[in-house]
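For what it's worth, my numbering labels the leading residue of the sequence shown as 41, then goes sequentially.
Take the hints with a grain of salt, since some may be wrong.
Estimated spans, in silico, between C-beta atoms of each pair [claimed, not checked]: (1) Lys428 / Thr271: 48 to 56 angstroms; (2) Glu151 / Ala197: 34 to 42 angstroms; (3) Asn131 / Pro438: 17 to 25 angstroms; (4) Glu194 / Lys334: 30 to 38 angstroms; (5) Asp393 / Lys213: 53 to 61 angstroms.
Simulated from the structure, these hints should not be mistaken for laboratory data. Since the structure is predicted, the reported quantities are computational estimates derived from the model, not experimental observations. All C-beta atoms in this analysis are idealised placements derived from N, C-alpha and C, irrespective of residue type, glycine included.
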Amino acid sequence: LNTPFNFIKKALGKKSRCVLRIKFLEQKENSFIFVAKAYDIFKVLDLNTTNAHNYVIKKNTKFTEMGLQLDFLQEDTYRLRLAQGKAVPENNTPMIAKGIQEPGLAVQIEEQGDKYIISTSRLRLDIYKENFRIEVFDSRGNLITESGSKTKNEFPAAIDAFPLGFVRGKKNKRWYGVESFVLYPGEAVYGLGEQFGPLNKVGRTIGLWHIEGVGNTSGRVYKHIPFFMSTQGYGVFVNESRPITFWVGSRELCKNQIAIEGDLIDYFFFYGPSFKNILHNYTELTGKSPVPPKWSFGTWISRISYFSQKQVMQVAQRLRDMQFPSDVIHIDTGWFKKDWLCDWEFDKKRFPDPEKMFKDAKDMGFKISLWQTPYVMKETSVYKDAKKAGVLAKNNGPFVFLFVFPASPIDFSNPDAVAWYKEKLRKLLEMGASAIKVDFGEGIEPPMKFQKYDGRQMHNLYPLLYNKAAFEATEETLGKNKALIWARSAYAGSQRYPVHWSGDNSANHENLLCSLRGGLSFGLSGFTFWSQD
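Given only the sequences and the hints, what does the whole structure look like? Please build it.
Put into structure tokens, the structure is as follows:
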């Protein structure tokens with residue numbers, strides 16, 4: 041390779057298994073199974089030319105066989121899965137609420153020269169056998185997008201985008217599934233959760249890994265959602281909770297690229313072309329939001345924090361004396377024996393009769409909300425009980441809540457832990473509380489171990505399971521159509537358990553702008569209800 045570019049392979053030092061060739065294997069109802077041949081593009085890249093990005097495959101070129109499956113669920117919705125291995129796993133995740141297979145759906149496949157064509161009444165996919173890519177058309181033959189293709193940069197010296205497949209990180213040695221969708225002139229991309237920056241995500245790199253926001257003016261995000269919509273008339277939901285990165289025209293400027301940690305690529309493609317139709321189909325799959333009770337749409341009054349029953353009732357009386365319209369009083373971190381040390385028990389000295397407090401507030405027309413956290417702190421009396429009951433995650437390292445309190449998260453993948461937690465909330469709800477503040481949930485660390493997941497799987501997923509447990513406890517205690525939570529963190533599917541708010545922010549116009557952008561972005565990610573401080 042006597043060219044100016046012969047340093048490239050050594051410099052890259054990566055490994056890849058990218059799909060360059062496919063062969064149709066079989067059809068099972070509306071599922072189409074292919075054998076994919078995946079090659080290390082760093083080894084087959086043609087460096088003998090300077091003006092074409094080509095992969096040279098010879099008879100003895102090594103490849104890896106993979107299972108590629110396309111499932112057509114509705115006339116405008118399909119699912120793509122590519123696995124490192126011949127068998128494609130089902131991959132049933134908590135994000136998915138129900139199946140959306142359309143009965144009697146008619147799907148045809150035909151072989152036409154260098155490609156396979158799969159079509160419904162609303163979509164046509166041209167799937168190329170070599171130089172693999174998928175071109176997606178509407179029923180009139182208009183190109184919607186192209187996925188799975190190689191870089192659009194013809195210079196072999198640059199690999200700014202990968203074909204569909206897997207690439208191994210040079211430093212961490214982890215495999216990442218890679219997929220891309222072509223970005224066209226003027227195209228805008230929306231969604232990906234409660235992002236406080238511009239609504240149009242083109243030009244941004246967004247890594248999906250929840251983090252304590254500490255305000256609403258940065259890229260630190262409480263609620264990442266692996267779903268986006270494009271003005272080309274389609275949306276994509278990535279069915280994974282491990283770390284995901286989206287380069288929305290920020291790596292190769294003409295592509296929206298995705299890297300998904302792990303050995304499986306699994307996503308759903310929704311054709312609209314309207315956002316309304318895309319969101320309808322996406323939330324049919326991941327769940328729709330029930331309408332919260334009417335009182336929750338009123339004014340909520342709070343501070344950090346009210347520290348006694350007397351103070352709560354003084355505030356309630358003052359609000360009524362001033363004739364200030366208000367519906368909910370929220371008691372934040374100060375109702376325990378020690379501020380922040382959540383044990384789900386009222387301090388008996390400062391809150392001597394919580395049942396009376398709830399009743400008196402109700403007589404004055406107020407509902408009461410209570411703060412709590414999913415991290416059980418070692419300083420609390422309840423920690424020993426939780427440890428003995430086996431309802432906590434294994435930390436495998438130090439975990440300190442708010443940099444002060446050693447703690448362990450409740451393992452919401454463990455049914456026994458969910459039941460234990462629900463019982464804590466049930467007692468408060470039966471006592472008279474109307475809502476639970478489902479704070480935090482973003483702090484799960486990779487070394488942690490849970491009953492069903494490791495820490496890397498659980499980090500993004502934890503808010504969904506946390507939201508679910510708290511909402512179900514409320515609904516089971518207060519009744520259907522009477523439940524809501526007040527949650528800070530979320531993941532795909534959390535819209536089933538409203539309401540969410542923008543987390544901590546500052547009371548100035550700059551934060552207001554960013555917070556509102558976060559709410560609008562959240563709404564374009566499948567969520568119906570949202571609020572802010």
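*Taking the beta carbons of Glu151 and Ala197, is their distance inside 34 to 42 angstroms?*
Because 36 angstroms falls inside the window, the suggested range holds.
*asked:* Holds or violated: the 48 to 56 angstroms window for the beta-carbon distance between Lys428 and Thr271?
replied: holds (55 angstroms)
*Is the gap between the beta carbons of Asp393 and Lys213 within 53 to 61 angstroms?*
Between Asp393 and Lys213, where Cβ atoms are some 59 angstroms apart, the hint holds.
*Outcome of range test on Cβ distance (Asn131, Pro438; 17 to 25 angstroms)*: violated (33 angstroms)
*Do Glu194 and Lys334 keep their Cβ atoms within the hinted range of 30 to 38 angstroms?*
violated (60 angstroms)
In terms of the numbered hints stated before, the structure departs from hints 3, 4, listed from lowest to highest.
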